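**Q** So the chains spell out like this:
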Amino acid sequence: MALDEAIAVARSKNLVPDTLRFFRWEPSAVSIGYFQSMDDEVDTAACDRRGIGYVRRRTGGGAVYHDRDGELTYSMFLSQSHRLVSADFQESYETLCSGLVSGLRLLGVQAEFKPINDIVVGGRKVSGNAQTRGLNVVHQHGTILVKVNPKLMFAVLKVPDEKIRDKMIKSVEERVTSLCAVLGREVGFDELERALIRGFEASFGIRLVPGTVTEFEDKKAEELRVEKYSRREWNFRR
Amino acid sequence: MGKAQIKVEGGKLVKVQLKSEGDKITEVKVTGDFFLHPEELIDELEKALEGSKLNESALADRVKAFIKKHKAVLLGAAPEDFAKCIVMAGAKSD
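First to last, the sequence lines map onto chains U and Z. Final position of the first sequence in my numbering is 240; the numbers increase by one with none missing. Final position of the second sequence in my numbering is 142; the numbers increase by one with none missing.
Each hint should be verified, as a subset may be incorrect.
Far from chain U, by Cβ distances over 12 Å, these chain Z residues were calculated [unchecked claim]: (1) K51; (2) K60; (3) K63; (4) Q65; (5) D71; (6) K77; (7) P86; (8) E104; (9) K117; (10) G124; (11) M136.
If you only want the chain Z side, here are some residues facing chain U, beta carbon under 8 Å, derived [claimed, not checked]: (12) I90; (13) S105; (14) V121.
These aren't lab readings, by the way, just hints derived from the structure by calculation. Here the structure is a predicted model, which is why all the values come from computation and not from measurement. All C-beta atoms in this analysis are idealised placements derived from N, C-alpha and C, irrespective of residue type, glycine included.
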């Protein structure tokens, strides 16, 4: 999360071009939306016991369990004046998600955008996305489920009532799917990343060039990690 | 302290924690998986609602006016949903 904000800052200062980043969470972690309450959403004691991290995002939306081996996360950073960015948030979600949709279709997954901020296959969610804007930069990040484990998800997320834990697990199994489940085979992270890059290029009419984290981004990320994202003041502020 | 939550039809979850005196809000916290842009405005919005009466339509107007004044965008919930949830929490408040 710290590197995401660092890239947004670097983009706002014109130190880097528009950027697409892919990453996985190491260790696995739960992220919560800007407006959520950590205590309400996350069983932090269970996370601590299992070595699972937890962090508040700079974007709204819901709590997400990011499994190291079960999901790929992307972030994109665009100047607010970019032709793909609309003043309308809903429209921008659809446009920016179209790159993911087209990448998933290249893999043979019949993905569709579903307002407000989801991508679904056969009505079941395979990707959630969230956007924020500031300093003339649009930052959208999201997750693509490669494998899903609702039991583990609910071991770290709070449930309103223990008696309905099994019901909630079942409900997630019905509402959420993953690339492995849809395709009935293993899907590698490299394969997925390559397909998404092609999807973004085709859908946006752009060419993506490999890059590395700049010294500025690296330093800024470390600063944000120490001063913000690792702190209780931020993570438990609501 | 009163608590309430509503799932907005076709939208997100809104949760409210509220302290009140009589029919006036003394402290309110609105959480959930909705989107408000710019995000930082949530603290200011909660402050702006302090002292307001627990009246659903008046609260909705207040949230609407706040959003308009700050050129903010609320996605996944409407000002009316915030208002409704606040009043529900107020009804449960001691």
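**Q** All the hints need checking, so say for each whether the structure fits it.
**A** For each hint, the structure was consulted:
1. K51: violated, 10 Å
2. K60: About 8 Å separates K60 (chain Z) from the closest Cβ of chain U, which leaves it inside 12 Å; violated.
3. K63: It is violated; K63 (chain Z) is separated from chain U by about 7 Å at its closest Cβ, not greater than 12 Å.
4. Q65: Non-interface label fails for Q65 (chain Z): nearest chain U Cβ at 8 Å, not farther than 12 Å.
5. D71: The claim stands: D71 (chain Z) keeps its Cβ more than 12 Å from every Cβ of chain U (closest is about 25 Å).
6. K77: violated, 7 Å
7. P86: Since the minimum Cβ distance to chain U is about 6 Å, P86 (chain Z) lies within 12 Å and the statement is violated.
8. E104: holds, 21 Å
9. K117: holds, 18 Å
10. G124: violated, 5 Å
11. M136: holds, 16 Å
12. I90: It holds, given that the least Cβ distance between I90 (chain Z) and chain U is near 6 Å, below 8 Å.
13. S105: violated, 24 Å
14. V121: holds, 6 Å
The earlier numbered hints that this structure contradicts are 1, 2, 3, 4, 6, 7, 10 and 13.
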